[in-house]
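> Sequence:
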Amino acid sequence: MTGQLAGKVALITGAARGQGRAHAVRLAQEGADVIAVDIAGPLPSVAYDSATPEDLAETVAMVEKEGRRVVAATVDTRDLAGLRSAVDGAVERLGRLDVVVANAAICVPSAWDEITPTMFDDTLSINVTGTWNTVMVGAPHLVRAGGGSIILVSSAAGLKVQPFMVPYTTSKFAVRGMAKAFAVELAKHHIRVNSLHPTGVATPMGSGDMQAVLGKAIATDPRLAPMFTNLLPVDITQPEDVAETVLFLASDASRYITAHEIAPDAGVTEF
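Our numbering numbers the first residue of the sequence shown as 2 and each following residue consecutively.
If you're looking for bench data, these hints aren't it; they were derived computationally from the structure.
One should not assume that every hint holds.
[What the hints assert, rightly or not] Computed cross-link-like contacts, SDA-like style, restricted to lysine to any residue with a CA-CA straight-line distance of at most 20 Å: (1) Lys217 <-> Gly148; (2) Lys189 <-> Gly148; (3) Lys181 <-> Lys217; (4) Lys161 <-> Gly148; (5) Lys217 <-> Met120; (6) Lys161 <-> Ala218; (7) Lys161 <-> Thr238; (8) Lys161 <-> Asp222; (9) Lys217 <-> Val167; (10) Lys189 <-> His261; (11) Lys161 <-> Pro234; (12) Lys181 <-> Phe121; (13) Lys161 <-> Pro227; (14) Lys161 <-> Val202; (15) Lys181 <-> Ala260; (16) Lys161 <-> Lys189; (17) Lys161 <-> Ser208; (18) Lys189 <-> Ala146; (19) Lys217 <-> Thr117; (20) Lys161 <-> His261.
[Claimed, not checked] Simulated restraints on C-beta separations: (21) Pro205 <-> Thr3: 31 to 39 Å; (22) Arg70 <-> Leu233: 34 to 42 Å; (23) Ala112 <-> Glu55: 30 to 38 Å.
Virtual Cβ for every residue (Gly too), placed ideally from N, Cα, C.
Could you put the whole structure together from the sequences, leaning on the hints where they help?
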């Protein structure tokens, strides 16, 4: 077996499609077996289409096509007990855990005065509590393995304010801080923890009524629309672009990088 991650196992949440699927496939291409977790069902508060069991099954098939083992689990990352049971069972089957990619998240754009308590609570519970839960169930296995890499997927909105996204921006700044906090205490176990900050990525998060909802919010103050502009002359990036950075952070190529913000953001945070 060859590849940068040969013999390793990676846990990826939100793996049914989009960035999560791209991460699962890319790590599998480099030799990793995969634990693919997704709610694979209706998400709260969002305007875009939710992932389905068929999406998760397609990710499984794509990983298996790369010749790697994969254990899929349909579970909500907000459910700590359910997530722990699923991950512990998958680790028992696959033998170890070396990489954790906490990718599951939602985005609910709206003008500040149209955000409801439910929107705020849903965003924080999935993006922050769900990420914390993922580390809490995954990190003990990395400790037993003698080290590893934890990658918390934040956003450009975790480095720079993005308008019309108060709950999302709040959550992604929290994820950035969480990565640093875990990095400090897990360092003695040779576990690295970094946050990932992409710009806009072409995923199903932009499907359904998402563009109309965002457009409605932008119409409340069009002056702020340029804040979404990338410095590089690209409008959007692909999940596979982000997956290359995930691979770097998961591999020994980044073995001395921890407690940092890594931004495949096309320069949007500097524009």
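> Next, verify each hint and record whether it holds.
Now the hints, each set against the structure:
A distance of roughly 46 Å separates the Cα atoms of Lys217 and Gly148; the hinted pair therefore is violated under the 20 Å criterion. A distance of roughly 9 Å separates the Cα atoms of Lys189 and Gly148; the hinted pair therefore holds under the 20 Å criterion. Our distance criterion of 20 Å between C-alpha atoms is broken by Lys181 and Lys217, whose separation comes to about 35 Å. Between Lys161 and Gly148 the CA atoms are separated by roughly 31 Å; this puts the pair beyond 20 Å, and the hint is violated.
At most 20 Å may separate the alpha-carbon atoms for a hinted pair to count; Lys217 and Met120 meet this at roughly 16 Å. Proximity of Lys161 to Ala218 is assessed by CA-CA distance (about 18 Å); at most 20 Å being required, the pair is judged to hold. For the suggested pair Lys161 and Thr238, the alpha carbons sit about 18 Å apart, so the restraint of at most 20 Å is met. Of the pairs offered as hints, the one joining Lys161 and Asp222 holds, with about 18 Å between alpha carbons and a cut-off of 20 Å not exceeded.
Between Lys217 and Val167 the CA atoms are separated by roughly 15 Å; this keeps the pair inside 20 Å, and the hint holds. Taking the CA atoms of Lys189 and His261, the gap is about 17 Å. The hint holds against a cut of 20 Å. For the hint pairing Lys161 with Pro234, the CA-to-CA distance comes to about 19 Å; that is within 20 Å, so the pair holds. For a cut-off of 20 Å, the pair hint linking Lys181 to Phe121 is broken: about 23 Å separates their Cα positions.
With a C-alpha separation of about 13 Å, the suggested pairing of Lys161 with Pro227 holds against the 20 Å cut-off. As the CA atoms of Lys161 and Val202 are separated by approximately 16 Å, the hinted pair is consistent with the 20 Å bound. For a cut-off of 20 Å, the pair hint linking Lys181 to Ala260 stands: about 5 Å separates their Cα positions. The straight-line distance between the Cα atoms of Lys161 and Lys189 is roughly 31 Å, outside the 20 Å bound, and the hint therefore fails.
As the CA atoms of Lys161 and Ser208 are separated by approximately 24 Å, the hinted pair breaks the 20 Å bound. For a cut-off of 20 Å, the pair hint linking Lys189 to Ala146 stands: about 13 Å separates their Cα positions. Annotation: proposed proximity of Lys217 to Thr117 holds, straight-line Cα distance about 16 Å (limit 20 Å). At most 20 Å may separate the alpha-carbon atoms for a hinted pair to count; Lys161 and His261 meet this at roughly 15 Å.
Between Pro205 and Thr3 the CB atoms are about 32 Å apart, so this pair conforms to the stated range of 31 to 39 Å. As the Cβ distance of Arg70 to Leu233 is approximately 37 Å, the hint placing it in 34 to 42 Å holds. For the hinted restraint 30 to 38 Å between Ala112 and Glu55, the CB-CB distance of approximately 34 Å keeps it satisfied.
Hint compliance for this structure: hints 1, 3, 4, 12, 16, 17 are broken, all remaining hints hold.
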